[in-house]
Amino acid sequence: MRTVVWLLVALLFVLHQDFWYWDDRTLLFGFLPIGLAYHIGFSIAAAGVWALAVKFAWPDTVEAWAEQEGDADGPEAAGGAGERAG
Amino acid sequence: MSLIPLYVVGAYLFLLLILGVICSRFFRGTSSDYFVASRSIGPFVLLMSVFGTTMTAFALVGSTGKAYADGIGTYGLMASWSGLIHSAVFFLVGIKLWAVGKRYGYVTQCQYFRARFESSKLGYLLFPILVGLVVPYLLIGVLGAGAVVSGVTRGMFPDTFENGAVPAWLTGAAVCAVVLLYVFLSGVRGAAWANTFQTLVFMTTGIIAFVLVARALGGLAAASEAVAANDPNKLARQHEIGKIQFFTYCFIPLSVGMFPHLFQNWLTARSAKAFRLTVIAHPVFIMVVWVPCILIGIWAAGMPLGVPEERQNTVLGAMVGRLLQDPWLMGLLTAGILAAIMSSLDSQFMCVGTMFTNDIVVHAVGEDRFSDKQKLWIGRGFVIGVVAVTYVISLFAAGRAIFPLAVWCFSGFGALFPVVFAAVYWRRATKAGIYAAVIVTAVVWFVLFRMSGYGGEMLLFTEWLSTDDQHDGLMPVAVMFTACLAILVLVSLATSPPSAATIQRFFPKALKGMPT
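The listed protein sequences derive, respectively, from chains X and G. Under the numbering used here, the first residue of the first sequence carries the number 2, and numbering increases by one thereafter. Under the numbering used here, the first residue of the second sequence carries the number 6, and numbering increases by one thereafter.
If you are wondering where the hints come from, they were derived from the structure by calculation, not from laboratory data. Bear in mind that the values here come from a model prediction, so they are computed numbers and not experimental data. We put the CB at the ideal spot given by N, CA and C, even for glycine. Some clues are possibly wrong.
Chain X stretches covered by chain G per the calculated footprint, using a threshold of three residues with CB under 8 Å from any CB of chain G [said to hold, decoys possible]:
no., region
1, 11–21
2, 26–33
3, 39–48
4, 56–65
Calculated lysine to aspartate or glutamate pairs in the EDC-like style (CA-CA distance at most 16 Å, straight line) [as the list claims (entries may be wrong)]:
no., chain 1, residue 1, chain 2, residue 2
5, G, K514, X, D24
6, G, K248, X, D25
7, G, K514, X, E68
8, G, K278, X, E64
9, G, K248, G, D477
10, G, K248, G, D474
11, G, K278, X, E68
12, G, K248, X, D24
13, G, K248, G, D473
14, G, K248, G, E468
15, G, K248, X, D19
16, G, K278, X, D61
17, G, K514, X, D19
The whole structure should be built from the sequences, with the hints applied where relevant.
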C-alpha cells in the first residue's frame, strides 16, 4: 500500500500540468472557470492522498527513537564542536 | 469618511497585545521555552501556526494582485503546487528533522547542519544567507500591510496625508511594533497561539470578504460574466502564463524545507503524530484562502477596476474599500488581512533572534557564558536590528509588486532544498559538497536577482522556449536548484564521506522506517 501511496503522489505531480484546460474559458455553475475548478479538485485530491500517506506510510518508529535520550551532549555535540575544539 | 475601520484595526492590534500578555503567563522563563515552547505544541496549534506562517501578504495581497494581472493560472502556479509539495516536505523532511531535533536538542537549522556535516564553520556560512533571504520575506509583510491600509483609508485624512490615506511607513511601523511586543512577551509559544488566533481570523474574514464582494458585484455569476465580457483571458491561462513557466513553479514550494522559521515551528511539536493533521489539512487550507483571492482578482479585472498592473498590490484593498461601504466590515476585513501578514512576521522575528543567539553568540562563546535571561535579550536585540533594516528598506521599496519579490525569496530557499534533503536522506553527502552547493546557489541567486532588477519578474531561455503566441521560459529557481543539486552531488562524490560516528548518529536503524 505504501508503494501505491507514492505512486499516487507521482500521479498528482503529472496531473498538475492540465494542458487540456489551458485555453478553456468555460464557467462551471455559471461562475467558476474550469481551469480553476480543476485545480481546486487537485488540492482536494492532494489532501486525500496525504491522508492515505498518513494512514499507510506513517513512520511509526520515529516517535520512540526521538523520545530516547540523545547519545551526545546537546546540540553542540558531534562534528560542530569537534571542529571548533580542533 | 468614517474613521471606524481604523478603530477596528487598532482594537485588533490591542487584542493581540492582550493575547501576548496572557501567553506570557505560561512562559516558563527558560530559553528552551522561549525558542521551542518546550516542544509542547499539539496538532491543532501546530497546523494553525505552520499554516499561518506560510500564508503571508503573498497569499492574500500578492495572489489577488497576480490574478488581476495574469488570471486564474495564479492558483496553479502556487496554491495547488504548494498543496502537494508543502505536505510532501512536511512528511518526508519535517518529521525526520523533528525527531533528530528532539533527540539531540537542536533548536535551529544551523545546529543540525553543523552536526550533520561535521563543520562548525558551516553555521557561519548559512546564517547570513538564511537571514539575508528572510529579509525580503519580512519586507513582503511590511509592504503588504502598508499597501492594504493605504488602499482602505484613501480619503480618510485629506488634510494630513497624501491622498488622504494612512501612509505605508506608519502602518509598517505600527505592525512591526505590535508583533515585536507580543513575540518578546511570550516567545514562540505566544507566536504559535497568536498564529492560531490570527489564522482563524484571516480565514473567516477572507470568506466573509469573498461573499460580500460577490454580492456587491451582483452575485457570483454576474461577477464572472463581466470578466468573460471585458477581459476573457483572465479565465484561462492561454496568453497569460506559459506551460514551462507553469511547470517550473514546482520548485518554489520546496522552499518550506529550508525556511528557518518553519524548522523552528516543526521543533515545537509535542510528537510526530502532531504532524498528521498538518500534512492532511494543509492543501485544503491553502485552497480556502487562495480561491476567494483569485476570484476577487479576476473580478477586479472584469469590472474593470482600472488599477494599473504595476500597482497590483493595491487591488485587494481597493476592492474592499470601493465595494464594501460598511465601515465596521471594512475594518474587520482589513484586520483580517493584517492578521495573515502578522502571523508570518512573528515566526520570522522569532527565528531570526533564535538563530543569532544560538548559532552565532552561544556557538562562539559557549553555552554557559550567558544566563538564559541574557540570551533572550541578545536574541531580541538582534531581531530589533533586522526589523529596523527591513523597515528602512521598505521605505525605499514602496510600491514594488509583492508577488515577484516573494517568488525571489522563496526561490532562494527552494533552490537550497537539495541541501536539507541530502542531509536527511543521503549518507554520502559531504561537508565539502554542502559548502560548494550553498555558495554556488547563493551566487547564482544573487546574479539572477540582480539581472531581474532586484525582484522583478524573470523567465530564462525565453528566446528558445517561447512560441508565436506565448511568452514562455524557465523560472530562475529551476536553474538555481539544478546548480545546487549538481554541485552537491559532484563535490560530495569527489570528497571523503562523513565519519562512521556521524552516519550512525543521523541514520540509525530506527529511522529506516521513514519513506525513502
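| request: Tell me, in ascending order, the numbers of any earlier hints that this structure violates. | output: 5, 17
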